[in-house]
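Number of protein chains: 6
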Amino acid sequence: MFSLTVVDHIMIAHSFRGEEFGPAQRLHGATFIVEAEFRAPQLDHLNLLVDIGLAKDELRRILAPLDYRNLDEEGGFAGQNTTTEFLCAHIHGALAAACQEGRLGPHGWEVASLKVLLRESHVAWAAYDATLASR
Amino acid sequence: MFSLTVVDHIMIAHSFRGEEFGPAQRLHGATFIVEAEFRAPQLDHLNLLVDIGLAKDELRRILAPLDYRNLDEEGGFAGQNTTTEFLCAHIHGALAAACQEGRLGPHGWEVASLKVLLRESHVAWAAYDATLASR
Amino acid sequence: MFSLTVVDHIMIAHSFRGEEFGPAQRLHGATFIVEAEFRAPQLDHLNLLVDIGLAKDELRRILAPLDYRNLDEEGGFAGQNTTTEFLCAHIHGALAAACQEGRLGPHGWEVASLKVLLRESHVAWAAYDATLASR
Amino acid sequence: MFSLTVVDHIMIAHSFRGEEFGPAQRLHGATFIVEAEFRAPQLDHLNLLVDIGLAKDELRRILAPLDYRNLDEEGGFAGQNTTTEFLCAHIHGALAAACQEGRLGPHGWEVASLKVLLRESHVAWAAYDATLASR
Amino acid sequence: MFSLTVVDHIMIAHSFRGEEFGPAQRLHGATFIVEAEFRAPQLDHLNLLVDIGLAKDELRRILAPLDYRNLDEEGGFAGQNTTTEFLCAHIHGALAAACQEGRLGPHGWEVASLKVLLRESHVAWAAYDATLASR
Amino acid sequence: MFSLTVVDHIMIAHSFRGEEFGPAQRLHGATFIVEAEFRAPQLDHLNLLVDIGLAKDELRRILAPLDYRNLDEEGGFAGQNTTTEFLCAHIHGALAAACQEGRLGPHGWEVASLKVLLRESHVAWAAYDATLASR
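Residue numbers (this note's numbering), protein chains in the order written: chain A, 1 to 135; chain B, 1 to 135; chain C, 1 to 135; chain D, 1 to 135; chain E, 1 to 135; chain F, 1 to 135.
Chain A with its partners taken away, still in its complex shape:
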């Protein structure tokens, strides 16, 4: 299996509901370094997994509505704790759709699985990894 990973980042504010969160119940924020890993069993005729330029553009397009936002009020997350794990799955869903709707080029259809990893600090990170439905 081949993989290709591109990196971007967002800077957001949010707060969590639930005593388990302790001080993170207060409004605070995070820089998330976002790593999107695309996987496919074969390369295309140019020896590419997907066009890296399209991959970066799609990732940016998906992150833009979250970047420099307070996720308690924007982003469509009402009633959700926007934990690092949760945001991984959210971004994963949008990138999977981009592959399946052809926005990563014709070879985007060949992406078999996708992993989205968010680093919240040098000592903690989370990811969501899942296969994509075949065409």
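Wrong hints could be hidden among the right ones.
[To be verified] Cβ-Cβ distance ranges computed for the label pairs, FRET-style:
#1 F:A94 to C:R103: 33 to 41 angstroms
#2 B:A133 to E:P65: 57 to 65 angstroms
#3 E:G93 to B:A112: 54 to 62 angstroms
#4 E:A112 to F:R60: 35 to 43 angstroms
#5 A:H45 to C:Q25: 40 to 48 angstroms
[Said to hold, decoys possible] The calculated DMTMM-like cross-link candidates involving lysine to aspartate or glutamate, where the alpha carbons are at most 20 angstroms apart (straight line), are:
#6 A:K115 to D:D129
#7 A:K115 to D:E37
#8 A:K56 to A:E37
Simulated from the structure, these hints should not be mistaken for lab results.
Don't be surprised by glycine CBs; every beta carbon is placed ideally from N, CA and C.
Fit chains B, C, D, E and F to the supplied structure of chain A, relying on the hints for placement.
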């Protein structure tokens, strides 16, 4: 599959038996940066995989008997070469037990697999990755 | 000149006033990886610059009132843009006082200069570096 | 499953054919940080996955014909775009052969799978990961 | 003294003349991670050293004529070995001019010194650091 | 001022005397990532600060008597706490001598200052930085 990773480190002394080890047969030491990756198919009602505070505390509790020690004489490793690979499996076993004994909270039971990675330098690391027995 | 650096981090929310900030005028947030570098011309009789345990404890004590906060409303920064540069100088002032008030042990008096660096992402960081007034 | 990773790097020139590559159609170059991850279900009697010295030596031997080269003219890649993904698979093939030909020692036969990852920058990398044919 | 650092990267081909360079006399290439560190004694009325957006744009504008190029033939370096050290000074000169010509905004005039660091791999980097002529 | 940095690492055992060290009084160990930064005001006729191959070789030659050792018994450090700070100065002295004795080539004489930094973990490091006596 979701994953959540927390990081800690230990500073230990040890030596290896076997000509294959060359100069590492002498008493020497290492800083191990320890990355513990918990995986589960679902998040809990708070959108957490496991409580990150409990995860850090359990990892520290497991590392404490190794930290600032000579593993040739302490840690219960008599007759073993405490290679990076071996220590990964040792820490993995203790963290797996912590999940299964409820010390990572009720959702710790949902941890399906666990990876423990130890970085011994910027140019070498090892890991042990295994599924956990279901309840 | 000797130096010793210890690392911690904070996760904060804030917003900026001024058209120059573009989207960063909105409420957003950041993880700041904080590196505090202490410098002294000599080591003490134990070959230490300062006690690394005391250095970590003081840095944590200084960061605690900022951590998991909205700096627009807490931290005593009314009327200030809490840019990365600005926060470096704020933390620098508090650590310099800690050295000069003896909270880093007797050798803390010997700290000649101090640099506080905050990484806001993998592609941007700021610092404040200044000598300390001698006793 | 155990894993052991060793790291090396190469500095190469190349160009790509295909409009999709944009400015990368011009002759340019890259530093590739190469991470080779060996995996095996068991450790040997010394608690080693493979001899780390042999692993480093084999990786260097395989990289040497690529290092400080223009891959458009050397390395046996005529008619191929030497993308990061492609080079991962090339190096993977050579390392897999090294395991299967006994050049990583007797326990090299036990290597069940192998991942080769090449970092082309701090914001992009690729990998090839595959099981090895059993003896 | 305050500092602000922004990061970008380039991927270039080049070769060196001189027996001292050994295999690097051949046409090869490099990814250079470029860190530009601006320093000033004071922040502006917004608590900024320089506008980080302008700093990133100027750095990109300066790097663009080098990126995805063979420096043996392009970039105006005829007769020069484009070592990492040399390229640091070249980029430094262009960024210093950008400060002094007002392209980093009015506070760009206050930049007192500038350091340009290029990482050629995880184990080697170079820099050029110099004060800027005052207005 | 130009600078050039090369990186190596050592894996050592040691213990400290003095109650201030707490658990580090026990025999333990460390991986030290060693960064040696050479500085000179001018480059040579090849656009080099010093020959990077010679710099790496000298650093390795200096580190070899420490690597895979118990510094309580070897290395000539009787009666000394081999703290990270102390080891920086020790290695600095040996590298400074290498410059001044011509082992870094003729341009080694031009090295004006030298910084040796040892990373003991991802959250702590120390350095020694000093000018070299001119010829």
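Consistency of the hints with the structure:
At roughly 36 angstroms, the beta carbons of A94 (chain F) and R103 (chain C) sit within the given window of 33 to 41 angstroms. The given range of 57 to 65 angstroms is respected by A133 (chain B) and P65 (chain E), whose C-beta atoms sit roughly 60 angstroms from each other. Distance hint check: the CB atoms of G93 (chain E) and A112 (chain B) are about 56 angstroms apart, consistent with the given range 54 to 62 angstroms. The hinted window of 35 to 43 angstroms between A112 (chain E) and R60 (chain F) holds, with their beta carbons roughly 38 angstroms apart.
About 46 angstroms separates the C-beta atoms of H45 (chain A) and Q25 (chain C), a value consistent with the hinted range of 40 to 48 angstroms. Note on K115 (chain A) and D129 (chain D): the hinted pairing holds, with a Cα-Cα distance of about 15 angstroms set against a maximum of 20 angstroms. With a C-alpha separation of about 19 angstroms, the suggested pairing of K115 (chain A) with E37 (chain D) holds against the 20 angstroms cut-off. Distance restraint check for K56 (chain A) and E37 (chain A): the Cα-Cα separation of roughly 11 angstroms lies within the 20 angstroms cut-off, and the hinted pair is therefore satisfied.
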